Amino acid sequence: MSSVLRKLRHFSIISQTVSTSKTNSHQISPAVVNHKSQQPVRGVNFVPMVVENVGGGERAYDLFSRLLAERIICIMNPIDDHLASLVIGQLLHLQGANSIDPINIYINSPGGVVSAGLAIYDTMQYVTAPINTWCVGRAMSAASLLLCAGTPGKRYSLPHARIMVHQPSGGAQGQASDIAIQAAEIIYLRKQLNEIYERHTGQPIAEIERVMERDTYMSSEEAKEFGLIDHVCIKPPVTETK
Numbered sequence: 000m001s002s003v004l005r006k007l008r009h010f011s012i013i014s015q016t017v018s019t020s021k022t023n024s025h026q027i028s029p030a031v032v033n034h035k036s037q038q039p040v041r042g043v044n045f046v047p048m049v050v051e052n053v054g055g056g057e058r059a060y061d062l063f064s065r066l067l068a069e070r071i072i073c074i075m076n077p078i079d080d081h082l083a084s085l086v087i088g089q090l091l092h093l094q095g096a097n098s099i100d101p102i103n104i105y106i107n108s109p110g111g112v113v114s115a116g117l118a119i120y121d122t123m124q125y126v127t128a129p130i131n132t133w134c135v136g137r138a139m140s141a142a143s144l145l146l147c148a149g150t151p152g153k154r155y156s157l158p159h160a161r162i163m164v165h166q167p168s169g170g171a172q173g174q175a176s177d178i179a180i181q182a183a184e185i186i187y188l189r190k191q192l193n194e195i196y197e198r199h200t201g202q203p204i205a206e207i208e209r210v211m212e213r214d215t216y217m218s219s220e221e222a223k224e225f226g227l228i229d230h231v232c233i234k235p236p237v238t239e240t241k
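Heads up: the sequence shown begins at 0 in numbering that gives the first Met the number 0, then just goes up one per residue.
It is worth saying that the hints were derived from the structure and are not from the lab.
Mixed in with the good hints, there may be bad ones.
As the list claims (entries may be wrong) - 27 Å max Cα-Cα, derived DSSO-like pairs, lysine-lysine:
{"no.": "1", "residue 1": "LYS190", "residue 2": "LYS223"}
{"no.": "2", "residue 1": "LYS234", "residue 2": "LYS153"}
{"no.": "3", "residue 1": "LYS223", "residue 2": "LYS234"}
{"no.": "4", "residue 1": "LYS190", "residue 2": "LYS153"}
{"no.": "5", "residue 1": "LYS153", "residue 2": "LYS223"}
Unchecked claim - Simulated restraints on C-beta separations:
{"no.": "6", "residue 1": "CYS232", "residue 2": "ALA205", "range": "41 to 49 Å"}
{"no.": "7", "residue 1": "ASP214", "residue 2": "GLN94", "range": "29 to 37 Å"}
{"no.": "8", "residue 1": "ALA59", "residue 2": "GLU212", "range": "47 to 55 Å"}
{"no.": "9", "residue 1": "LEU157", "residue 2": "PRO129", "range": "14 to 22 Å"}
{"no.": "10", "residue 1": "ARG213", "residue 2": "SER98", "range": "16 to 24 Å"}
{"no.": "11", "residue 1": "ILE204", "residue 2": "GLY54", "range": "55 to 63 Å"}
Note that this is a predicted model, so its numbers are computed, not measured.
Note that the Cβ used here is the ideal one computed from N, Cα and C, for glycine as well.
Construct the complete structure from the given sequences, taking the supplied hints into account.
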């Protein structure tokens with residue numbers, strides 16, 4: 000009998016949640032209910048919705064689609080092939096829609112796969128629209144490469160963000176000849192990355208190699224002095240009006 004009552008109580012909680020979400024279009028019914036506190040719990044992959052009034056009706060967007068409409072791209076996860084495909088698709092979409100207005104990329108990432116980072120980097124250089132990059136939280140490893148690859152003068156960081164650069168790392172196993180091939184590839188990638196950092200920071204290659212030898216963490220001001228960013232912002236920069 001007690002188990003039946005618990006099931007009925009559980010159904011009542013979910014029913015109340017769904018009915019509340021129907022009466023208020025700005026709310027989303029959660030997928031999980033905490034049975035101990037009887038409070039709704041948002042899932043790990045919860046994405047807020049934005050509701051706009053359009054022509055006497057309402058239109059709902061997920062938050063990141065709404066930001067994309069404002070030419071804002073968010074890199075907020077480890078950089079892998081899946082994330083790279085999403086970012087590249089968004090860059091190409093915005094380039095096709097308008098090749099003049101700037102694109103803003105907000106970065107809070109621990110880095111990730113070098114090839115995925117380079118795919119995003121090459122696309123950033125390919126599009127003709129100016130690209131403003133912003134570091135919020137952290138930009139480490141491949142993420143720091145994307146941060147410094149923005150349009151000169153338009154690379155920003157918030158004051159308490161952390162930026163880290165280092166040389167690529169990896170592992171290999173198998174026959175000695177296979178290990179040698181993988182080692183040569185890592186050395187090639189290190190040279191390629193050093194040249195990219197040299198191009199975007201203005202630092203001599205010897206200094207880039209020294210800094211990239213080990214994990215090098217920087218504050219926003221240190222990253223600005225090194226040339227990874229151009230500005231440290233507390234408030235949004237004032238845009239010039241014609």
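Okay, the hints, checked on the actual structure:
1. LYS190 / LYS223: Within the cut-off at roughly 23 Å; holds.
2. LYS234 / LYS153: holds (14 Å)
3. LYS223 / LYS234: Within the cut-off at roughly 17 Å; holds.
4. LYS190 / LYS153: holds (26 Å)
5. LYS153 / LYS223: Given that 27 Å is the threshold and the Cα spacing comes to 12 Å, the pair holds.
6. CYS232 / ALA205: 41 to 49 Å: Distance hint for CYS232, ALA205 is violated at roughly 31 Å.
7. ASP214 / GLN94: 29 to 37 Å: holds (34 Å)
8. ALA59 / GLU212: 47 to 55 Å: Given about 50 Å between the Cβ atoms, the range holds.
9. LEU157 / PRO129: 14 to 22 Å: holds (20 Å)
10. ARG213 / SER98: 16 to 24 Å: Distance hint for ARG213, SER98 is violated at roughly 40 Å.
11. ILE204 / GLY54: 55 to 63 Å: holds (57 Å)
In summary, the structure is inconsistent with hints 6, 10 from the numbered list given earlier, while agreeing with the others.
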